[in-house]
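From just these sequences and the hints, can you work out the full model?
Protein sequence lines correspond, in order, to chains D and A. Numbered per the numbering used here, the first sequence spans residues 1 to 119. Numbered per the numbering used here, the second sequence spans residues 1001 to 1306.
Hints may contain errors.
Short, incomplete list of chain D residues facing chain A, as computed with Cβ under 10 angstroms [to be verified]:
1) V45
2) C47
3) G50
4) G51
Facing chain D, a subset of chain A residues (Cβ under 7 angstroms, in silico) [unchecked claim]:
5) V1035
6) G1260
7) N1261
8) T1306
Keep in mind the hints are simulated off the structure, nothing from the lab. We put the CB at the ideal spot given by N, CA and C, even for glycine.
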Amino acid sequence: MGDRFSITLEGHGVASGYPNERVLVALERAQGFGQLKNMPVKLPVGCRRGGCGVCRVRVTRGVYRSDPMSRAHVSAEDEAAGVLLSCCIYPLSELSLRLETTAAVKAKYRETPAIEQGG
Amino acid sequence: MALSGIMRPAFAQIRVLDMPAAIEHYTKRIGLHQVCEGADGRVYLKTADEFDHHSIILRRADAAGIDLMAFKCLEEADLDRYEKRITEYGIAVDHVAAGEMPGIGRRIGFTIPSGHRIELVATSEMSEPKPRTHNPDVWDVEPHGMAARRFDHALLYGPDIEKVLDFFVEALDFRLAERVDMPDGLLAIWLTCGMKAHDIAFVKHQEPGKLHHISFDLENWQAVGHAADILTRYDISIDIGPTRHGITRGQTIYFFDPSGNRDEVFAGGYTYYPDLPTRTWDQTQIGKGIFYYERQLNPAFLSVVT
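Encoded structure:
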């Protein structure tokens, strides 16, 4: 797997990631192991391939490489400012991230549990 | 022939971020064949079991999603007939000349209240590979990948689906096979123009023009299991499944293409006849309606679109 890096999701916990692994996948694993605390909603996971935009984060520290991602969700200015889709970045050092999920997505994630309770 | 007018889905044009990765996904993994590449870079794909020139178009773009979905009419005169009805309904119709896509005749196009572009076409050249018509084998070219048999339907997300429903029924002669009614109104509709339980479906969504998934028909439940093996072997991003829908009864698996567009491969579903009543689901059983085995929605189903 190569080097292992700690990936801090600020306010929630620390995941372990690898240079050949999408950061979102590392965060999903950490969530599965109960390592992410106090999440306002479940970790937003969508297409995992850069199209849907729900896994937006701001990288506040560290070095990464990235795949192409939808300009509908990450503008060139966003990308330059470190706002990216976590499914399309790979850690090249320790990273710190902040969830930057759009308000629209947050609202939808809040609606969904109500439907699950009804089902 | 009882089936006339709009018969079935013809093709969908999908936006992709990485063309080589998209071609590999749709041909090697889902099992389509590349027919040709257009001068503008669009890539035309089909299954080996389809006669028409192509059923999926890939267009390189900076954002994922769907450009248009087209339906096939039985004859050219249908295009004129529907143009009149759509115009009288109050929706503007435009014209796309024959040859704008290779092998495809003239089309009419229009934007529906959910923000999606829909087109009608009556003429397509045939392309290889296609089934033989004299002493045909079950397949001429051996199936590969998930062995998709046809582009079957799409599920689109957008606003005003009450208006979309009225338009498809009144102007395009579709019928409503199934619907989901929530306390705050209509949430989802499954529409058919032929004998499948759905040819196009819509879910209410704030943003217009969004794609939930495009879907490909497989031969049986065994093939859905094989598709699941392929997803894991090639590390393709999975959404949910293998499972079954209560709605339409399809046996299914959902996953994402390399640009994040959701794909479905499925088998089964009931046969629809035009005299059948609409099947209705309410809030208490929607989980079972969407995912019959899990009996609850996953968070992504209502929120993740391109």
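Exercise. Was the hint right that D:G51 lines chain A, CB cutoff 10 angstroms?
Worked result: 2 angstroms, holds
Problem set entry | Per-residue hint verdict: D:G50, partner chain A, C-beta under 10 angstroms | Cβ of D:G50 sits 5 angstroms from chain A, so the hint holds.
Exercise. Holds or violated: is the Cβ of A:T1306 closer than 7 angstroms to a Cβ in chain D?
Worked result: Because about 4 angstroms separates A:T1306 from the closest Cβ in chain D, which is inside the 7 angstroms limit, the hint holds.
Exercise. Taking 10 angstroms as the limit, does the beta-carbon of D:C47 come near enough to a beta-carbon in chain A?
Worked result: 3 angstroms, holds
Problem set entry | Interface hint compliance - A:N1261 to chain D, C-beta minimum distance less than 7 angstroms | 6 angstroms, holds
Exercise. If you take the shortest Cβ to Cβ gap from A:G1260 to chain D, is it below 7 angstroms?
Worked result: 2 angstroms, holds
For this session: Using 10 angstroms as the Cβ threshold, decide whether D:V45 counts as touching chain A.
Result: Holds: closest Cβ of chain A sits about 7 angstroms from D:V45, inside 10 angstroms.
Exercise. Holds or violated: is the Cβ of A:V1035 closer than 7 angstroms to a Cβ in chain D?
Worked result: 24 angstroms, violated
Comparing the model with each numbered hint stated earlier shows that hint 5 is the single one that does not hold.
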